[in-house]
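Novice: Make a model of the complete structure from these sequences and hints.
Here the sequence shown is numbered in my numbering, starting from 1 and rising by one per residue.
Errors might be hidden in some of the hints.
No farther apart than 35 Å at their CA atoms in a straight line, the calculated lysine-lysine pairs in the DSBU-like style are these [as the list claims (entries may be wrong)]:
#1 Lys175 <-> Lys206
#2 Lys188 <-> Lys175
#3 Lys96 <-> Lys195
#4 Lys195 <-> Lys174
#5 Lys162 <-> Lys148
#6 Lys244 <-> Lys194
#7 Lys100 <-> Lys206
#8 Lys59 <-> Lys294
#9 Lys59 <-> Lys100
#10 Lys20 <-> Lys148
#11 Lys289 <-> Lys244
#12 Lys75 <-> Lys206
#13 Lys20 <-> Lys296
#14 Lys147 <-> Lys75
#15 Lys147 <-> Lys131
#16 Lys194 <-> Lys160
#17 Lys259 <-> Lys244
#18 Lys195 <-> Lys100
#19 Lys289 <-> Lys59
#20 Lys259 <-> Lys59
#21 Lys175 <-> Lys129
#22 Lys206 <-> Lys244
FRET-style restraints, in silico, Cβ to Cβ [what the hints assert, rightly or not]:
#23 Thr275 <-> Lys75: 37 to 47 Å
#24 Lys162 <-> Glu279: 38 to 48 Å
#25 Asp225 <-> Lys195: 51 to 61 Å
#26 Glu279 <-> Ile198: 24 to 34 Å
#27 Glu264 <-> Asn101: 11 to 21 Å
#28 Pro224 <-> Asp203: 38 to 48 Å
#29 Glu287 <-> Lys162: 16 to 26 Å
#30 Lys20 <-> Lys294: 31 to 41 Å
#31 Glu260 <-> Glu287: 25 to 35 Å
Hints in this document: simulated from the structure, not taken from any laboratory. Bear in mind the structure is a predicted one, so any value in this text is a computation, not a measurement. The beta-carbon is built from N, C-alpha and C at its ideal position, and this holds for glycine as well.
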Amino acid sequence: MIKCLAVFVSDPYIALMYKKLYDQNWKNEVDGLMVQVNGCNREVVDFIADLYRDETIIKHYDHSNQGIGFDELFKLVPEDTDVLMTTCSDNFIFQKGIVKNLALNIGMYDVVGSTGLHATPPDVADEIKDKIGFCRINPFMSFWNFKKLNFDFTFQAVDKPKGGYIESLNYQCKKDVGLDVMTEMTIKYMSLGKKALIINDDDPPKYVHASGLSSAVYGHLVYPDGVNNLAGTTRNSLDCRISKDTLAWLLACYLETYKECPLEDFNSDYWEALTRKIERSGSSLDEIKELAFKKKELWKK
Numbered sequence: 001m002i003k004c005l006a007v008f009v010s011d012p013y014i015a016l017m018y019k020k021l022y023d024q025n026w027k028n029e030v031d032g033l034m035v036q037v038n039g040c041n042r043e044v045v046d047f048i049a050d051l052y053r054d055e056t057i058i059k060h061y062d063h064s065n066q067g068i069g070f071d072e073l074f075k076l077v078p079e080d081t082d083v084l085m086t087t088c089s090d091n092f093i094f095q096k097g098i099v100k101n102l103a104l105n106i107g108m109y110d111v112v113g114s115t116g117l118h119a120t121p122p123d124v125a126d127e128i129k130d131k132i133g134f135c136r137i138n139p140f141m142s143f144w145n146f147k148k149l150n151f152d153f154t155f156q157a158v159d160k161p162k163g164g165y166i167e168s169l170n171y172q173c174k175k176d177v178g179l180d181v182m183t184e185m186t187i188k189y190m191s192l193g194k195k196a197l198i199i200n201d202d203d204p205p206k207y208v209h210a211s212g213l214s215s216a217v218y219g220h221l222v223y224p225d226g227v228n229n230l231a232g233t234t235r236n237s238l239d240c241r242i243s244k245d246t247l248a249w250l251l252a253c254y255l256e257t258y259k260e261c262p263l264e265d266f267n268s269d270y271w272e273a274l275t276r277k278i279e280r281s282g283s284s285l286d287e288i289k290e291l292a293f294k295k296k297e298l299w300k301k
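Specialist: See the structure below:
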């Protein structure tokens, strides 16, 4: 049995896009999703929770994060699960058979996924890489032998102070160290002698991790007051840089799905916030639309 974990922020268009591709391409290749959705905008959280009402759902009306969400969902994973899959909300799988074929590698391998150097500072990341080959198996589309996740761990980011100890590596921190989501978990798992099959982050047109989408409503997309963001908090990144690629993905998801979102006021607010961010980023709407239409071609192949 394969169970998949996913954590959603209060962006209905990402959630709709993920579900559209899930229903179309890989729903029959897993034994259900386990979804956590969080955000201070209650109507959006409720909409996303209802969208996934046939799956296992946890919802919070405040800001959470992916590590917390995975920890909460992991406690609910059935004991007879064989393969635990993780995805990010901005994981888009465009072809059938991808999930099934990757999951089949569990048995020969203990974990399948892409890798990253998600530890700071960079020299510490390099030291960890020297020991296990990488810092973490990334949360975007990873597969784990569930029966071997039988040790104490957290999916969450973990900070280690100078002088602190990473027991599984027999490593004493020479400075303050930050281990990103799933990094400490990966280090512990691999230190037990586990075998990993490494895949690409992206393999278009088969699948893509459209990085950075889920953080947009918590910072980049703000109301006209320039203070409150669309997730319902006052944290914003109004003048922080955002890539054209991320803007194009946000626009592509919105244009593909907004008619399926009944929250008319939010649809309008989102469109205004997104176009405002595009303008402040020094791009034109026409330029980002052109890039967005190229993105949309991926799920039409």
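Novice: All hints are to be evaluated individually against the structure, with a verdict given for each.
Specialist: Now for the hints, and whether the structure bears them out:
1. A hinted pair counts as satisfied when its Cα atoms are at most 35 Å apart, and Lys175 with Lys206 does not qualify at roughly 41 Å.
2. With a C-alpha separation of about 20 Å, the suggested pairing of Lys188 with Lys175 holds against the 35 Å cut-off.
3. Between the alpha carbons of Lys96 and Lys195 the distance comes to roughly 26 Å, so the proposed pair stays at or under 35 Å and holds.
4. A distance of roughly 29 Å separates the Cα atoms of Lys195 and Lys174; the hinted pair therefore holds under the 35 Å criterion.
5. The hinted pair formed by Lys162 and Lys148 meets the criterion: a straight-line CA distance of about 31 Å does not exceed 35 Å.
6. A C-alpha spacing of about 38 Å is found between Lys244 and Lys194, which places the hinted pair above 35 Å, so the restraint is violated.
7. With a C-alpha separation of about 13 Å, the suggested pair Lys100 and Lys206 falls inside the 35 Å cut-off, and the hint holds.
8. Taken as a hint, the Lys59 and Lys294 pair is honoured in the structure, with Cα atoms around 33 Å apart against an allowance of 35 Å.
9. Restraint check: the Cα-Cα separation between Lys59 and Lys100 comes to about 28 Å, which is no more than 35 Å; the hinted pair holds.
10. Of the pairs offered as hints, the one joining Lys20 and Lys148 holds, with about 32 Å between alpha carbons and a cut-off of 35 Å not exceeded.
11. Between Lys289 and Lys244, the direct Cα distance comes to roughly 10 Å. Compliance with the 35 Å bound is thereby established for this hinted pair.
12. Between Lys75 and Lys206 the CA atoms are separated by roughly 31 Å; this keeps the pair inside 35 Å, and the hint holds.
13. Restraint check for Lys20 and Lys296: satisfied, since their Cα atoms lie roughly 13 Å apart, inside the 35 Å limit.
14. At most 35 Å may separate the alpha-carbon atoms for a hinted pair to count; Lys147 and Lys75 meet this at roughly 14 Å.
15. Between Lys147 and Lys131, the direct Cα distance comes to roughly 25 Å. Compliance with the 35 Å bound is thereby established for this hinted pair.
16. Between Lys194 and Lys160, the direct Cα distance comes to roughly 24 Å. Compliance with the 35 Å bound is thereby established for this hinted pair.
17. With a CA separation close to 24 Å, the supplied pair Lys259 and Lys244 stays within the 35 Å bound.
18. The straight-line distance between the Cα atoms of Lys195 and Lys100 is roughly 19 Å, inside the 35 Å bound, and the hint therefore holds.
19. Proposed proximity of Lys289 and Lys59 is supported: the alpha carbons are some 33 Å apart, at most 35 Å.
20. For the hint pairing Lys259 with Lys59, the CA-to-CA distance comes to about 24 Å; that is within 35 Å, so the pair holds.
21. For the suggested pair Lys175 and Lys129, the alpha carbons sit about 17 Å apart, so the restraint of at most 35 Å is met.
22. Of the pairs offered as hints, the one joining Lys206 and Lys244 holds, with about 22 Å between alpha carbons and a cut-off of 35 Å not exceeded.
23. Between Thr275 and Lys75 the Cβ separation comes to about 41 Å, which falls inside the hinted range of 37 to 47 Å.
24. The given range of 38 to 48 Å is respected by Lys162 and Glu279, whose C-beta atoms sit roughly 43 Å from each other.
25. Taken as a hint, the range 51 to 61 Å holds for the pair Asp225 and Lys195, whose Cβ atoms sit roughly 52 Å apart.
26. Roughly 40 Å separates the CB atoms of Glu279 and Ile198, a value that falls outside the hinted 24 to 34 Å.
27. A beta carbon spacing of about 41 Å between Glu264 and Asn101 contradicts the range 11 to 21 Å that was offered as a hint.
28. Checked against the hint of 38 to 48 Å, the C-beta distance between Pro224 and Asp203 comes to roughly 40 Å, which is consistent with it.
29. A hinted range of 16 to 26 Å is violated for the C-beta pair Glu287 and Lys162, which are about 46 Å apart.
30. At about 18 Å, the CB distance of Lys20 to Lys294 disagrees with the hint of 31 to 41 Å.
31. Separation of Glu260 from Glu287 is about 26 Å and conforms to the stated range, judged on CB atoms against 25 to 35 Å.
Violated hints, in rising order: 1, 6, 26, 27, 29, 30; the structure is consistent with all others.
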